[in-house]
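Engineer: Residue strings, one per chain:
2 protein chains.
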Amino acid sequence: MRVFSFINRVIHAHSTPYKLLALFSVSGGGLVAFSDSQAESGRHGVEPSQKESKKKLVVLGTGWAGTSFLKDLDISSYDVQVVSPRNYFAFTPLLPSVTCGTVEARSIVEPIRNMIKKRSGEINFWEADCLKIDAANKRVFCQSNLDANVVGSNEFSLEYDYLVIAVGAQVNTFNTPGVLEYCHFLKEVEDAQRIRRTVIDCFEKAVLPGLSEEERQTNLHFIIVGGGPTGVEFAAELHDFVQEDLVKLYPSVKDLVKITVIQSGDHILNTFDERISSFAEQKFQRDGIEVLTGSRVVNVSDKFINMKMKSTGEVFSVPHGMVLWSTGVGARPVVKDFMEQIGQGNRRVLATDEWLRVKGCQDVYALGDCATIDQRKIMEDILTIFKAADKDNSGTLTMDEFEDVIEDILVRYPQVELYLTSKHLPDVTYLLKDAQGNEREEVNYEEFKSALCLVDSQAKSLPATAQVAAQQGAYLSRCFNIREQCETNPEGPRLFRGSARHQFRPFRYKHLGQFAPLGGDQAAAELPGDWVSMGHSTQWLWYSVYASKQVSWRTRFLVVSDWGRRYIFGRDSSRI
Amino acid sequence: MRVFSFINRVIHAHSTPYKLLALFSVSGGGLVAFSDSQAESGRHGVEPSQKESKKKLVVLGTGWAGTSFLKDLDISSYDVQVVSPRNYFAFTPLLPSVTCGTVEARSIVEPIRNMIKKRSGEINFWEADCLKIDAANKRVFCQSNLDANVVGSNEFSLEYDYLVIAVGAQVNTFNTPGVLEYCHFLKEVEDAQRIRRTVIDCFEKAVLPGLSEEERQTNLHFIIVGGGPTGVEFAAELHDFVQEDLVKLYPSVKDLVKITVIQSGDHILNTFDERISSFAEQKFQRDGIEVLTGSRVVNVSDKFINMKMKSTGEVFSVPHGMVLWSTGVGARPVVKDFMEQIGQGNRRVLATDEWLRVKGCQDVYALGDCATIDQRKIMEDILTIFKAADKDNSGTLTMDEFEDVIEDILVRYPQVELYLTSKHLPDVTYLLKDAQGNEREEVNYEEFKSALCLVDSQAKSLPATAQVAAQQGAYLSRCFNIREQCETNPEGPRLFRGSARHQFRPFRYKHLGQFAPLGGDQAAAELPGDWVSMGHSTQWLWYSVYASKQVSWRTRFLVVSDWGRRYIFGRDSSRI
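Sequences listed follow chains U and D, in order. Heads up: the first sequence begins at 568 in our numbering, then just goes up one per residue. Heads up: the second sequence begins at 568 in our numbering, then just goes up one per residue.
Among these hints, one or two may not hold up.
Same chains, same label: a pair holds when it works inside one copy or across any pair of copies.
[Stated by the list, open to error] Pairs of lysine to aspartate or glutamate residues, derived as DMTMM-like cross-links and limited to a Cα-Cα distance of at most 25 angstroms, are as follows:
| no. | residue 1 | residue 2 |
| --- | --- | --- |
| 1 | K821 | E722 |
| 2 | K815 | D639 |
| 3 | K903 | D920 |
| 4 | K958 | D994 |
| 5 | K958 | E1006 |
| 6 | K870 | E722 |
Read the hints as simulated data drawn from the structure, not as lab findings.
Take the sequences, apply the hints, and build the full model.
Structural biologist: See below:
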């Protein structure tokens, strides 16, 4: 047993790669010597004295945006404080899998402190809600969200030099009565766990003695409001859960189960390529999942959901056992209050410029679902650009003069490139061709303006996805890391009003494609370059992409072993 | 991808052993042909018409006793209905491991329907609480414990011919004020999950800005009331969790953590061998876990716990961050109500005879923590036994006459054997020796009585453990299975009043030993035959015993992989 206790000590004293090494060595029959290379984790005190030279950076939120920002931030140059009601990062794209137990909740979360302790420098995390942002006094007010049964005051405030708002969004009920009371949502890990219990509840209830056939049927009617990726994936997961696992355990009611997806538009997955959309609709039809398009939910009660057909205006009522509401997002209260303060009260979410700086205040950044980039329109600056480009003040732009500013225009106004792609034009100079398609030697202001006048139509706001948030986080941390050097050597595009340059390049989103798992081990994917892929092979692509995107080796191991467990043993139907 | 989808189909269509076989075959590079041997699971309807010939058997509870009873029951001869508020069986001895994330909650539960569907015959499970037992009308009244938001009536009643009560016990607060409001318990899986969140809460709270050192210290003071196996194991688990995982994540408060075990007796683990008890106390002292013996809790408030030293009568108050109350069990309300009905109102738990039949009513059985066996004292029957044994009515018992009844006495009064063991006597005839130790030819009634008069002191009630409950369940299912054949061929001991025999042998508990994990990969074990084992090797024994005792391959796989995960990645500290 001495060998065991030695292994124990080895395993406990060292970091994960060494543990793996130790385990492999042991399993291989030998033991290797190794040194303890773990960095001292340091004391996370709150004494301000040592840090006064550093700028205070407060980060609100530990979702995709906040975590991606923190992950790459060089925290040696800032005094970083992180406030979030959750002490973990959740891999939200797997939430639909958690609702049916394909993946366990704990497999998709990673403690923020685990991600922090591996880094050098000082960083403080407080598990609390931010209640108020006071931009005028550069201060945030927070309240710990812990049980009352803990000792000491649970309110505190933090001063900041820079504030990064990454608190995400909350569910948007569109003020539909009854939604908050009677619907499930799928934003947080707890939501997914609650849905899982409710699904089992519905089955347990449906088999109780003394119920009529209709009552059993109603208990087993699952309604999903919203045919976006989340709603569709949940419907598919639920269908698999029922067909692969629950029908064996509840055989007496297996024919009474019904899943309905309600979509106000004409098609589900309407943000995807229409080939995917119709593939999904056909698959759902084969699976017996009803898709009710062109319907709007009027209100929800504990037993019924009332809908209106958009085309006929007819109102009808459907009994339900459970409703999932997944129809887009709105601002959180703290963000709404902040928007009022800075004159953005009539907007849906926070508006930032292309550098993710919140419009209307200083040193505040917002990213992820709580914000949207207000892309500057090229038409607003068209005269300034023309004048800046027209170096000889001739009133016309030669090709040479134009080519001098092309690069800066493309960086500053990404819609130009999007427009070129949408029109299949290889080059921006094609815009300046005349009506007959001939190249022009020079263009005057009016010609220049009319050549670019359609470009702004391509300035679309980015979707509220993990991908956008993660890219924004990575972008912003880079800006923070190179702030000092960019003060002397700005890297951004030219300021057409004057000869200076922007300090940083503006944020540019790179769409890497998106997946829609459709159940039965089939998925659809939109890949970069207009590629579309559907079927079983895409599901395996999905598995590999999602496994590789995990934030830690621990969650990667857990998620993959959950998938394996599901294949071998099925999903667990215990109501916990 | 065709191979993948073939494997998919194979995996989905077949039962677990085949899946494992298929996976192994695939991983070995080949595919084997196999046939579908899965039994039709059958329809679990509630139509009574087909079952009228069968006796109605209602089982309340799906804990150790209920599940062990159902597992071995030949359900083809009964119309079985199971009522339990939990649709799963929980491997409760691992609950302390769940509190700190060494093992996940879901790894120790197995759905009852999963255990049922593998069996032939009909069995119905209702997820509901039993509210009332009406023994006079042979009926139980139940209420489903599901959310209100499900359709149909959630109350129903069931008729029975036989009733098996295995509802377990609830926490006993001994009417101490504040316990129900401010203490944690460790009876259910949900309790363990709640404790896990609270432990993390205490740490998150302790590091918040603006707290005094005392407030931080108070938040990190964990108090365990009760030094039994559960309390001690939780203290050990918590200590490991703190030392192995949390100190790295919360380095600023690592020296403020304190764990205190409060025990009213003089030693912790006082139901164990005293070598184990003192080993545990020494280990706890080395680990810095305070053990406060001889103290009784007077009351508990949200911030303080008030205690009284038994020796001095001094009352003192200790601030706490969290209190776990684990001090023994009491009857559940439905059992209390039932006890009132059958005249057992002044007892702590239900009294049964040695055949697990509830005293004072017909066809009702009780087992597990909700009941205790009222062992018949041999002194109550001593005259009857003497007369029955004295075949020639000589007024004295010869050795031959005595040996004729020995077997029946030993079966009917197990305390005789316990007494012999405790006195190290090899044989029951040794009891009849005279004061000088010489064998006697015959004994008269007074001599016979005085020879056995000390025997009843060994009739102890059984502890409220999983081991007892499981053995009782297995025993009772055997009785139910052989009921018919035992009606004609009774297998029990002789009824001394008359010449008939008892239908069944009475229940006899076989103690297989018990474990006490003490943290730091050390455990103590009491093994059969007065053996005691302590240290790291015992922890490995514990691992193997607990892995082998799992109720399904799924939970075995999960528990073992949880242990492995803990070694490699540590425990997760996300607050979910």
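Engineer: Determine for every hint whether it applies to the structure shown.
Structural biologist: Structure-based check of all given hints:
1. K821 <-> E722: between (51 angstroms within a copy, 23 angstroms between copies)
2. K815 <-> D639: between (48 angstroms within a copy, 21 angstroms between copies)
3. K903 <-> D920: Only inside one copy: K903 and D920 sit 18 angstroms apart there, 68 angstroms across copies, limit 25 angstroms.
4. K958 <-> D994: within (23 angstroms within a copy, 118 angstroms between copies)
5. K958 <-> E1006: This pair counts as within: shortest intra-copy Cα distance 21 angstroms, inter-copy 130 angstroms.
6. K870 <-> E722: between (40 angstroms within a copy, 18 angstroms between copies)
The structure agrees with every numbered hint stated previously.
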